[in-house]
Amino acid sequence: MELLLKFLEKNGLVVAFLVVGILIMVADRVSKRLLFSKIPTPAVAIIFGLVLAYVGGVITGGEKGIADVKFLAGMGQLGGSMFRDFAIVSTAFGASILLMRKSGLVGAISLIIGIVVAFFVGLSVAWVMGYHDAVSLTTIGAGACTYIVGPVTGAAIGASSEVIALSIATGVVKATVVAIATPLLAKRIGLDNPHAAMVFGGIMGTNAGVMAGLAATDPKLVPYGALTATFYTGLGCLLCPSVFYLIIRTIV
Amino acid sequence: MVIYGVALLAFCYLVGQIFGEYLGSWLGVEANVGGVGFAMLLLIVVNSWLEKQGKLDSLTQSGIQFWNQMYIPIIVAMASTQNVKLAVSSGAVAVLAGALPVLLCYLTIPYLTKAFKPSTNQ
Chain A
32 MELLLKFLEK NGLVVAFLVV GILIMVADRV SKRLLFSKIP TPAVAIIFGL VLAYVGGVIT
92 GGEKGIADVK FLAGMGQLGG SMFRDFAIVS TAFGASILLM RKSGLVGAIS LIIGIVVAFF
152 VGLSVAWVMG YHDAVSLTTI GAGACTYIVG PVTGAAIGAS SEVIALSIAT GVVKATVVAI
212 ATPLLAKRIG LDNPHAAMVF GGIMGTNAGV MAGLAATDPK LVPYGALTAT FYTGLGCLLC
272 PSVFYLIIRT IV
Chain B
27 MVIYGVALLA FCYLVGQIFG EYLGSWLGVE ANVGGVGFAM LLLIVVNSWL EKQGKLDSLT
87 QSGIQFWNQM YIPIIVAMAS TQNVKLAVSS GAVAVLAGAL PVLLCYLTIP YLTKAFKPST
147 NQ
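Listed in order, the protein sequences are those of chains A and B. First residue of the first sequence: 32, per my numbering; consecutive thereafter. First residue of the second sequence: 27, per my numbering; consecutive thereafter.
Think of the hints as simulated: they come from the structure by calculation, not from any bench. Here a beta-carbon is modelled for each residue, glycine too, at the ideal position from N, C-alpha and C. Incorrect hints may have been included.
Below, simulated DSS-like cross-link-like pairs (lysine-lysine); rule was C-alpha separation at most 27 angstroms, straight line [to be verified]:
hint: 1; chain 1: A; residue 1: K95; chain 2: B; residue 2: K140
hint: 2; chain 1: A; residue 1: K133; chain 2: B; residue 2: K81
hint: 3; chain 1: A; residue 1: K251; chain 2: B; residue 2: K81
Pairwise CB distance ranges (calculated) [what the hints assert, rightly or not]:
hint: 4; chain 1: A; residue 1: I90; chain 2: B; residue 2: E47; range: 30 to 40 angstroms
hint: 5; chain 1: B; residue 1: S115; chain 2: A; residue 2: L277; range: 38 to 48 angstroms
hint: 6; chain 1: B; residue 1: L129; chain 2: A; residue 2: N42; range: 26 to 36 angstroms
hint: 7; chain 1: B; residue 1: V121; chain 2: A; residue 2: I278; range: 44 to 54 angstroms
hint: 8; chain 1: A; residue 1: P254; chain 2: B; residue 2: E56; range: 35 to 45 angstroms
hint: 9; chain 1: B; residue 1: W75; chain 2: A; residue 2: M32; range: 19 to 29 angstroms
hint: 10; chain 1: B; residue 1: Q91; chain 2: A; residue 2: N224; range: 43 to 53 angstroms
hint: 11; chain 1: B; residue 1: D83; chain 2: A; residue 2: M56; range: 28 to 38 angstroms
hint: 12; chain 1: A; residue 1: G92; chain 2: B; residue 2: D83; range: 44 to 54 angstroms
hint: 13; chain 1: B; residue 1: L40; chain 2: A; residue 2: G92; range: 56 to 66 angstroms
hint: 14; chain 1: B; residue 1: W75; chain 2: A; residue 2: V283; range: 25 to 35 angstroms
hint: 15; chain 1: A; residue 1: H163; chain 2: B; residue 2: F92; range: 35 to 45 angstroms
hint: 16; chain 1: A; residue 1: I90; chain 2: B; residue 2: K78; range: 28 to 38 angstroms
hint: 17; chain 1: A; residue 1: V61; chain 2: B; residue 2: V121; range: 19 to 29 angstroms
Computed footprint of chain B on chain A; a stretch qualifies when at least three of its residues, placed anywhere within it, have a C-beta under 8 angstroms from a C-beta of chain B [stated by the list, open to error]:
hint: 18; region: 35 to 43
hint: 19; region: 60 to 71
hint: 20; region: 122 to 136
hint: 21; region: 166 to 178
hint: 22; region: 204 to 218
hint: 23; region: 253 to 259
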């Protein structure tokens, strides 16, 4: 047993690959079979991740979630800021200048409105609920954009792990609400044509939520929503830890 | 070769991040100001340029695509290593800060769709 634990510890990163792989496989099953794709797989998987972090915290009393369990310390490596930012940058690969032109003015405007509304409403909620420092407010506001903008922003401006966890959870709630509410509200907001889908993608921006929501509304609309949503996380990662953070810092 | 793609990604990442670091210190904030965003912008520009030149073969692309596909797993790993135990008590913040903006955003969609109807004919 001791040999096994030492072995797992020594191969931490590879162990993390396996653990996350299994976690996502289970999340995918749960999303498709139990939830009938109403909550997208990434959102379920991230919820599992957060639960795991909670369990780790309870077992060890530490601050690094499941990474405090020694033989799972590799999760900390895999989920560390270097790999995370590296992988996130790569998501810009699907986007191109050509796509930017295609999404056009309406794309740009809906993206900016979407990010500004999410950020400032999210931030106001955090303010009302008792967070009054610029770093925490910005991080939670960024989490209201997407579950990626939140932690990227939090890490960039030096937020605590607890606040980063909150920002991830905020983003997951957003993705889930978008995925579930969109098919219910589609008719009322006129979401039945490619043009509206592009506006929708830019306003909501949370990729998994937008795609699941549109797929449940009308699968033909998915590519149009994805077209604008692609830029949301990138733009959020650009604006939140820079312009928005500086604004909040001067106000608070 | 696959490594070209990975190296290209690394180049964009490093340039963007160092730019964010310098911008932060120049502005007098102890933060990496928008580094990831700059790196993404750079990747979009470089990618579009290389594509025009016909220099992006499928292996090079797959070097970037791999990381593109890995980002959700990495986010899951990241989520599992946060201080969730402490955050649970303020879970209501996450629910409200996640849901309220979305509801507000739904309201804006019909107006935006109408306002920009003539400018695009998709």
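Violating hint indices (sorted, rising): 1, 3, 5, 6, 7, 9, 10, 13, 14, 16, 18, 19 and 23
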